[in-house]
Amino acid sequence: MSKKATAGRLRVKKTYKLYVGGKFPRSESGRSYPVSSPDGTELANAALASRKDGRDAVAAARKAQRPWAGQTAYLRGQILYRAAEMLEGRAGQFAEELADATGAEAGAALGTVEAAIDRLVHYAGWTDKYTSVLGGANPVAGPYFNHTTPEPLGVIAVIAPQDDPFLGLIEAVAPAIATGNTVVVLASESKPLPALSFGEVLATSDLPGGVVNVLSGRAAEVAPHLAAHADVNGIDLSGVADAALASDLEAAAAETLKVVRRPGRSGSSLDLLRQWTEYKTVWHPAGMAATAGGGY
Amino acid sequence: MFEYAPAPESVRPPIREHYGLFIDGQFRDAADGAVFKSVNPSTEEALFTVAEAGEADVAAAVAAARRAQETVWGPMSGTERGKYLFRIARLLQERAREFAVAESMDNGKPIKETRDFDVPTAAQHFFYHAGWADKLAYAGLGSDPKPLGVIGQVIPWNFPLLMLAWKIAPALACGNTVVLKPAETTPLTALMFAELCQEADLPPGVVNILPGAGATGAALVDSAVDKVAFTGSTAVGRAIAKSIAGTKKRLTLELGGKAANIVFDDAPIDQAVEGIVNGIFFNQGHVCCAGSRLLVQESVAAEVLERLKARVETLRVGDPLDKNTDIGAINSAEQLGRIRDLTETGTGEGAEVWQPACDLPERGFWFRPTVFTGVQQSMRIAKEEIFGPVLSVLTFRTPDEAIAKANNTPYGLSAGVWTEKGSKILWAAERLRAGVVWANTFNQFDAASPFGGLKESGYGREGGRQGLEAYLDV
Chain F
1 MSKKATAGRL RVKKTYKLYV GGKFPRSESG RSYPVSSPDG TELANAALAS
51 RKDGRDAVAA ARKAQRPWAG QTAYLRGQIL YRAAEMLEGR AGQFAEELAD
101 ATGAEAGAAL GTVEAAIDRL VHYAGWTDKY TSVLGGANPV AGPYFNHTTP
151 EPLGVIAVIA PQDDPFLGLI EAVAPAIATG NTVVVLASES KPLPALSFGE
201 VLATSDLPGG VVNVLSGRAA EVAPHLAAHA DVNGIDLSGV ADAALASDLE
251 AAAAETLKVV RRPGRSGSSL DLLRQWTEYK TVWHPAGMAA TAGGGY
Chain H
1 MFEYAPAPES VRPPIREHYG LFIDGQFRDA ADGAVFKSVN PSTEEALFTV
51 AEAGEADVAA AVAAARRAQE TVWGPMSGTE RGKYLFRIAR LLQERAREFA
101 VAESMDNGKP IKETRDFDVP TAAQHFFYHA GWADKLAYAG LGSDPKPLGV
151 IGQVIPWNFP LLMLAWKIAP ALACGNTVVL KPAETTPLTA LMFAELCQEA
201 DLPPGVVNIL PGAGATGAAL VDSAVDKVAF TGSTAVGRAI AKSIAGTKKR
251 LTLELGGKAA NIVFDDAPID QAVEGIVNGI FFNQGHVCCA GSRLLVQESV
301 AAEVLERLKA RVETLRVGDP LDKNTDIGAI NSAEQLGRIR DLTETGTGEG
351 AEVWQPACDL PERGFWFRPT VFTGVQQSMR IAKEEIFGPV LSVLTFRTPD
401 EAIAKANNTP YGLSAGVWTE KGSKILWAAE RLRAGVVWAN TFNQFDAASP
451 FGGLKESGYG REGGRQGLEA YLDV
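Protein sequences appear in the order of chains F and H. In this text, residue positions in the first sequence follow my numbering: the first is 1, and each later residue adds one. In this text, residue positions in the second sequence follow my numbering: the first is 1, and each later residue adds one.
Bound-form chain F, shown alone (with noise of 0.2 Å):
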C-alpha cells in the first residue's frame, strides 16, 4: 500500500476479518487467504469464510429483521444517512483501498467513493416514500377498505459484483436493508477488503448488529449453501459470473422458492426497491352492515 509514514516507524497493518452480527470474527473455520492488487503486490490477508460462517451469518440476519423492520422509516433512513456521513469522513481511505483492490486512478477511486456515499444518501431519502410510491389503497367493488403496502421479503443473501467492489456492493445492499430486510453480502472474491472495511463504517452508524452481514471468501463454495439456506429469502446473483454456477444456484434457490435476482439484471433504484419486497394487502369491512362473513 502506497502509505506515506514516517521514517523508521513501522506500520500497524489492519487484519481484515468479516463483519457479521455486529462483531468482527475470523472465519470459523480459523482460514484466510492473500489478496492481491492486479499489479500484484500483496495487500492483506482476508478471512476465508466457510459454509458454518455462511450459516452464522444467516441466523445473524433472521435475528436482525423483524427488529430492523419494525424501525421507523425515518429512523431507517437517519441511520442509512449516518452510515454516508461516517464513509464521507473516511473517503480517502477507501479510495486508496479501492485504489489498491482495483488499479483504478486515485482520482476515478475517490470519485466512486463519492458516488458510492451519494447512492446511501439516495436510499437514505427512499426509506420513508417507496410505502407509498408502491403502495396505496385500492377502490375494490364492495364495501371494504382495502390497501396494499410492500414489506421487505426478509434475509437476503448478496453475492456481491466481482470486478465493481465497492459502489456494486452498496447498491446491492442499500436497497434491500432500506425496505427492512437484512443482509448476508459475500464480498468480491479477488477484492474484498474495501468491503471488510465498509463494515467498519455500518458498525459506527447506529446500523443494528446483524442488519448487513460481510463475508469473505469464494463463491463457488459459500454461495451454494447461501442458496439452498430455508431460511434466506431471497438471493442476488449480480457477482455471479460463471454462468453454470449461476444456473446452479438458482435452481438450488428454487427448492425453497427464493426470489432471484439473476446476474446482469439492471435498474432503477425503484426496481431494486422492489426486487426485495413483496406487497400485502389487507381488506377491512367499510361500514356497519357489513356482509362480513360472506354468501354462506
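If you are wondering where the hints come from, they were derived from the structure by calculation, not from laboratory data. Be careful, since some hints might not be right.
With a straight-line cut-off of 30 Å between C-alpha atoms, the simulated BS3-like cross-links for lysine-lysine are [what the hints assert, rightly or not]:
1) H:Lys424 with H:Lys405
2) H:Lys146 with F:Lys129
3) H:Lys242 with F:Lys63
If you want a taste of the chain F side facing chain H, the calculated C-beta under 8 Å gives, among others [said to hold, decoys possible]:
4) Val133
5) Val140
6) Ala141
7) Gly142
8) Tyr144
9) Ala246
10) Ser247
11) Leu257
12) Ser268
13) Glu278
14) Lys280
15) Val282
Virtual Cβ for every residue (Gly too), placed ideally from N, Cα, C.
Fit chain H to the known structure of chain F by using the hints.
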C-alpha cells in the same frame, strides 16, 4: 328446513361433443391426435372429449403467439387493445349464465358460486385491465413500460375461468400474447372463452388455449416463451422454478397455502363463524388461500366450536346445479383420494374428527365438511395443504402465540383476523407473514386488489396496479 328448489340454471348449456386446441384463432386437433375426456365430477359422466396438446402443438401455439405479438398486438395502440378487452368483458357478462352452468358441470362447484362469484369476477378482471391498456405509463413502474412478449400460463382446476381471467387480462392489457394451458380436469370454460375470443374478433394468435395434463404444461414451460405464470401446487411451482434456472425467462408463481384464520376473544362471534365457514368450505375448500387452520383463543373456543358445528350442520352438500347447494362435488377422484388420505392421518395422529350427518349423492365425488379439533401443530393436517373441506382447529392463549402459530408454516398466502378492536387488527396484520390479510372477513377478491403470496406460496401479484409488474419490462 326448506325443500330444495329447482335452479333456473338447470338447463344444459351448449356443450360440444368435442373441442380442439385453440391455436392462431382456429380450433384444431392435436398433431399426434391425442384426445382425453372431461368428466362431470357430480355424476362421473363424461361431458365431452378434447384434444390433448403435445410438444408440436405447443411450438405451433407459441409461434402463433410470437407472430401476433410482434406484428399485431404489440404495435397496437393501448386504446385499441383496451377496447378488445372491454369487448371481452362485456361478452362474458352477456354469456354469464352459460359460463356459470358450464363451470359448475365441469368443475363440480355450486352454481351459486359460479353465478355470483367466478363469472362476474372474471368479467371484472377483463373490464379492470382493459382500462389499464392505455395507461401503463401511469402505473408507477417507469415512464415507458414494455410488454415481455409471449407468456406461457398454466392454471389450476379450482377456479378455471377466473384463473384464466387473472392470467390473460393483465397479460393482454400489457401488450403480451398468451399460450394458456387449462387444468386437465376443467378445460371447458377455457375453450368456451376461446370461442368468445373469436366472437370478439380478437386477432388470431393473441390468445391460444392448449388443453392437456402435466406433460403439456412442462412442454409449455420449456418452450420459447418469455415468461411463465403458474398457479397451482408448491411442488410443481418448485419444479418450474428449477427448470427455468439459467434461462432469461421470467416467472411468477401463485402456489399453495395453509392459512390461519385467527379468532380473538373480542371477535364478533356470529360473524366470525360465518367467516370460518366461508374460509374453509367456500368452493369445497379447493382454495389455495382457504382458512384451513382455525386459531381460536382458548377463552372462546368452546363457544365458537359449538356455534360453528351448529352452522355446519345446515350446509347443503349435493347437486352443484341446485341453487341451494353450499358444497358441491370434489373436483376429481384423485383429489377425493388425497383428501381422504390426509384426513385419515388426522385421526391417526390423534385429532378428533367431526362431520355433520348429511346424506351424500350415490354417484360422483363427495366429501362431507369436516372439522378436526385437538389439532397439534406437528400433525400433517396442520401442516399440509389438504385442498378440501377440512378444517383444523388449534387454540391459543395470547395474541403473540396466535401470530407465532399463524406464521409457523412455510406458506404465506393469506390469513384472517377476527376482532372488534381496530388497533389489534392492524397489529396482527403487520405481523402476519401473508400476502393477503382479511380482517373480519375472508375470501374476498377483486380485480383492483393485488393477490399473491410470500415464502413457499410463491411470488408476484395478480390484480391491481401491482399485478401489472408481472407482465411488463420496466
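Subject >> Structure versus earlier hints - violations, ascending order >> reply: none
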